[in-house]
Amino acid sequence: MSEKKKTTIILFSGDYDKAMAAFIIANGAAAYDHEVTIFSTFWGLNAFRKDENVHVKKGFLEKMFAKMMPRGANKLGLSNMHFAGMGPKLIKNVIKKHNAMPLPDLVDMAKEQGVKLVACTMTMDLLGLQEEELIDGLEYAGVGAYLADAEEGNVNLFI
Amino acid sequence: MSEKKKTTIILFSGDYDKAMAAFIIANGAAAYDHEVTIFSTFWGLNAFRKDENVHVKKGFLEKMFAKMMPRGANKLGLSNMHFAGMGPKLIKNVIKKHNAMPLPDLVDMAKEQGVKLVACTMTMDLLGLQEEELIDGLEYAGVGAYLADAEEGNVNLFI
Amino acid sequence: MSEKKKTTIILFSGDYDKAMAAFIIANGAAAYDHEVTIFSTFWGLNAFRKDENVHVKKGFLEKMFAKMMPRGANKLGLSNMHFAGMGPKLIKNVIKKHNAMPLPDLVDMAKEQGVKLVACTMTMDLLGLQEEELIDGLEYAGVGAYLADAEEGNVNLFI
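If you're matching them up, the sequences are chains F, D and V in order.
With the first letter of the first sequence counted as 1, position 81 gets the number 81 in my numbering; the numbers rise by one all the way through.
One gets my numbering by counting positions in the second sequence from 1 and adding 1000 to each.
One gets my numbering by counting positions in the third sequence from 1 and adding 2000 to each.
Chain F extracted, bound-state conformation:
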C-alpha cells in the first residue's frame, strides 16, 4: 500500500529556460514514478499556446495580449538579461549540439509520461485565452485544484 510520491510545479514564468527547468524536473520525477502535476499560470500559460493563430472572438485588450504574448513553447524568451543580445537562438543551438531536448519535445515527453498538465482558468479569463488556443491534452482548473494536489506533494516548486 505504499503510495506514490507526488511532485507539483507551478509554472508561472514564461521564460524558455525556466520552462525547460520545469519540464526537466517534471519528466525526471515521472521517470522516478512520481505523480506529477504542472499547474501553468500567468505567463507560464504561453508555453501551452498552439503555435498557429487560432481565430476566436476577443475584445480589444484580449487581442492585444494575444498579439504580444509568445505563441507556444518554441517562441518563449530567456530569463537571463545578459543574453538578451543572443537570445533563445543560441540556447537552442547549444541544445541541438548536445543532443538535449528542446522545450516542445520536453512538453510532448511530459504528456507521454502522464504528467498532468493544468491550465489555470483564472489566468485564461484574465488574459482572454480560450481552450481552442491551447495545446491538446490539458486539464482546466483553479488554485483550489492546485492546492489539493500540492498539500499531498513531496516536492512542490514555484518556477
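No lab work stands behind these hints: they were computed from the structure.
Mixed in with the good hints there might be a few duds.
Listed below are the simulated BS3-like cross-link pairs for lysine-lysine, each with C-alpha atoms no more than 30 Å apart in a straight line [to be verified]:
1. D:1111 x D:1006
2. D:1116 x V:2006
3. V:2116 x F:4
Some residues of chain V that are not near chain D, with every Cβ distance over 12 Å (derived) [unchecked claim]:
4. 2026
5. 2065
6. 2132
7. 2137
For every residue, glycine included, the Cβ atom is placed at its ideal position computed from N, Cα and C.
Using the hints provided, position chains D and V relative to the given structure of chain F.
Then chains D and V, alone, in the frame of chain F:
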C-alpha cells in the same frame, strides 16, 4: 486531533504579478483551512510599504533606497519584460474588467483571513526600512522563524 | 531515532540577490540542524565558478558562454531592474555597512556548515563548464540525485 495543513510562501519578488500570485495562493490556502504564512523578504517587502511618505530618520543610502523602491502594493512593476511598454496599468485594467482583485485588496483579504504576514527583519535592516513605514498587522522575524514554520509546512513556495 | 529535517534548494538564478537569499536560507537551515542541499543549475552555476580564468579546451559556443557569463559569486548581477543603474555595487556597500555577509562569504559558510553543494552535470555539459572551472568542494549530479534528496525534504525551494 487532525492538525491543520500549513502553507508558507517566501515573497522575495517585488513584481506586481508575482505578488498577486503569492496572495492568490495564500488566500486560496486560507480558504481551504490551511495555516498560511507569507514571509516577505528583499524586494517583496515593498508590497508591505505604506503608500504615503513616512518621515523617519535615515542615512544617505537608506534615503536612496526609500526613494527608488516602489511604495506599497499598488506601485509595484511587472516581472514580464515583454510588457514593459504597457506596464502594470494594462494588467490593472484587465483585472478591473474581469472583476478580479487588485493586489492591495488581495493583501487586505489575506489579513482578514488570518494569513500571517511577516516582514524579514534582516532586509529591513539592510534597506533601512522601519516599522512605521510598513502597513499595520505585520509580524517581524528572521529566517529562523520562517524555517520553524516551513519545516512543518505541506506547501512551501519561494516566489 | 528522530531523523534530521531536510532542506533542498534548486538555485536556478544567477542573480546576486537571489543567490544571497538561497545561501541565507541554506545557512539558517544548517544552523537549525537540517541536512541541506543546494542544487545549482542553469545560471545558478555561475555562483560556483572560480573567479580566475581557467584554461581548458572549449569549442566556440562554449567559449562565448564562458566569456559572457559572470565568473563567480562576486560578479553576479541583480534581479531587480529598478536598480540596474546602481547595480550590485550599492548592495555590496549596504551589506558592508550593516556588517552583513557578502555572497562569497555565505558560500564559504555553507561549505563549513556541511551544506551539500551540487553542480548540475547537464547544465555543465550544455554550457561547456568543466570541473576545473568551478570552486572546490562540489558534488556533481543530475536531476535524479536532486529528486532523491527532495522527495524526503521538509523544505524544498526553487530560487
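Going through the hints against the structure:
1. D:1111 x D:1006: holds (16 Å)
2. D:1116 x V:2006: holds (24 Å)
3. V:2116 x F:4: holds (27 Å)
4. 2026: Per Cβ check, residue 2026 (chain V) is inside 12 Å of chain D; nearest 10 Å; violated.
5. 2065: About 21 Å separates residue 2065 (chain V) from the closest Cβ of chain D, which puts it past 12 Å; holds.
6. 2132: Non-interface label on residue 2132 (chain V) holds, nearest chain D Cβ at 31 Å vs cutoff 12 Å.
7. 2137: Given a closest Cβ separation of 23 Å, the condition holds.
Consistency with the previously given hints fails for number 4 only.
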